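Engineer: Heads up: the sequence shown runs through residues 53 to 281, numbered per my numbering.
Since the hints were made in silico from the structure, they are not lab data.
Accuracy of the hints is not assured; some may be wrong.
What the hints assert, rightly or not - Straight-line Cα separation of at most 25 Å, DMTMM-like style, residue types lysine to aspartate or glutamate; simulated pairs:
id, residue 1, residue 2
1, Lys257, Glu129
2, Lys247, Asp155
3, Lys120, Asp236
4, Lys247, Asp117
5, Lys120, Asp162
6, Lys120, Glu164
7, Lys120, Asp233
8, Lys120, Glu216
9, Lys160, Asp117
10, Lys267, Asp155
11, Lys234, Glu146
12, Lys257, Asp117
13, Lys247, Asp233
14, Lys234, Asp156
15, Lys160, Glu208
16, Lys257, Glu208
17, Lys257, Glu164
18, Lys160, Glu207
19, Lys247, Glu146
20, Lys257, Glu201
21, Lys154, Asp236
22, Lys160, Asp236
23, Lys154, Glu207
24, Lys257, Glu242
25, Lys267, Asp233
26, Lys234, Asp117
27, Lys247, Glu123
The model shown is predicted, which means the values in this text are computed figures rather than measured ones.
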Amino acid sequence: MAQVITDTPPPLSFAGSYFSPLLFVAIILGLQWPRGAAAFPAMPLSSLFANAVLRAQHLHLLAADTYKEFERTYIPEEQRHSNKISQSAFCYSETIPAPTGKDDAQQKSDMELLRFSLILIQSWLNPVQFLSRVFTNSLVFGTSDRVYEKLRDLEEGIQALMRELEDGSLRGFQVLRPTYDKFDINLRNEDALLKNYGLLSCFKKDLHKVETYLKLMKCRRFGESNCTI
Numbered sequence: 053m054a055q056v057i058t059d060t061p062p063p064l065s066f067a068g069s070y071f072s073p074l075l076f077v078a079i080i081l082g083l084q085w086p087r088g089a090a091a092f093p094a095m096p097l098s099s100l101f102a103n104a105v106l107r108a109q110h111l112h113l114l115a116a117d118t119y120k121e122f123e124r125t126y127i128p129e130e131q132r133h134s135n136k137i138s139q140s141a142f143c144y145s146e147t148i149p150a151p152t153g154k155d156d157a158q159q160k161s162d163m164e165l166l167r168f169s170l171i172l173i174q175s176w177l178n179p180v181q182f183l184s185r186v187f188t189n190s191l192v193f194g195t196s197d198r199v200y201e202k203l204r205d206l207e208e209g210i211q212a213l214m215r216e217l218e219d220g221s222l223r224g225f226q227v228l229r230p231t232y233d234k235f236d237i238n239l240r241n242e243d244a245l246l247k248n249y250g251l252l253s254c255f256k257k258d259l260h261k262v263e264t265y266l267k268l269m270k271c272r273r274f275g276e277s278n279c280t281i
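Sequences and hints are given; from them, build the entire structure.
Structural biologist: Now the structure itself:
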């Protein structure tokens, strides 16, 4: 059972003239993301893919920068590659048969990749609602509700793509849905710090997978000459 916090942990602060990448991403997300069901109205398939890729890119960047800031603030450099850190970084998403790289993903159908993407996104909908208690600087990470909203927007975009591409091939397709623990707010406890560090690592990895899957599908369907994954 977590111990009672007796004082406030140091916030992830970006005082002075330093303009944080996280703040930049938060601003971009707030400006470019529509809200609710209207986020994905009826539109061409190419636009649905383009919008989903954009949202996945923004979320992956936000997750990566958040992981780096947490590491810089709370994890001493000499501990970042310890066995204890490695054990805390196991991701539940590794228990599902989702592709782990571009070459593996190319062997999967679009519907399979969309289904795996949806499972990965849905596995984070509950845990991210507790992030605001870990990151006390709301200008950096925004509120957990805003991160939750962005995940829900991406979830809706993936579901819209699945409706467009539905061919019956995945009926009866079942995968054990991974679940993640809540983030721990007791940042004075080493075990809690390692747990949060591991969760952020998984969040970053899972969003990178989703971004890769969506980019691959978009590229092979529409064959852009400048396609990069």
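Engineer: Do the alpha carbons of Lys267 and Asp233 lie within 25 Å of each other, as the hint requires?
Structural biologist: 29 Å, violated
Engineer: Lys154 and Glu207 were given as a pair; does the straight-line alpha-carbon distance stay at or below 25 Å?
Structural biologist: 21 Å, holds
Engineer: Under the criterion that the straight-line Cα-Cα distance not exceed 25 Å, is the pair Lys247, Glu123 satisfied?
Structural biologist: 12 Å, holds
Engineer: Check the hint pairing Lys234 with Asp156 against an upper bound of 25 Å on the C-alpha distance.
Structural biologist: Violated - the C-alpha atoms of Asp156 and Lys234 are around 30 Å apart, more than 25 Å.
Engineer: Measure nothing beyond the straight line between the CA atoms of Lys267 and Asp155; if it is 25 Å or shorter, mark the hint as holding.
Structural biologist: Given pair Lys267, Asp155 holds - Cα atoms ~13 Å apart, limit 25 Å.
Engineer: Given the hint that Lys120 pairs with Asp236, does the C-alpha gap stay at or below 25 Å?
Structural biologist: 18 Å, holds
Engineer: Can the restraint linking Lys120 and Glu216 be considered satisfied, given a maximum Cα separation of 25 Å?
Structural biologist: Given that 25 Å is the threshold and the Cα spacing comes to 37 Å, the pair is violated.
Engineer: Given the hint that Lys247 pairs with Asp233, does the C-alpha gap stay at or below 25 Å?
Structural biologist: 9 Å, holds
Engineer: Tell me if the straight-line CA distance from Lys120 to Asp162 falls inside 25 Å.
Structural biologist: Roughly 32 Å between the alpha carbons, so the hint for Lys120 and Asp162 is violated.
Engineer: Please work out if Lys154 and Asp236 have their alpha carbons no farther apart than 25 Å.
Structural biologist: 33 Å, violated
Engineer: Can the restraint linking Lys234 and Asp117 be considered satisfied, given a maximum Cα separation of 25 Å?
Structural biologist: 20 Å, holds
Engineer: Check the hint pairing Lys247 with Glu146 against an upper bound of 25 Å on the C-alpha distance.
Structural biologist: 17 Å, holds
When held up to the earlier numbered hints, the structure conflicts with 2, 5, 6, 8, 9, 14, 21, 22 and 25 and fits the remainder.
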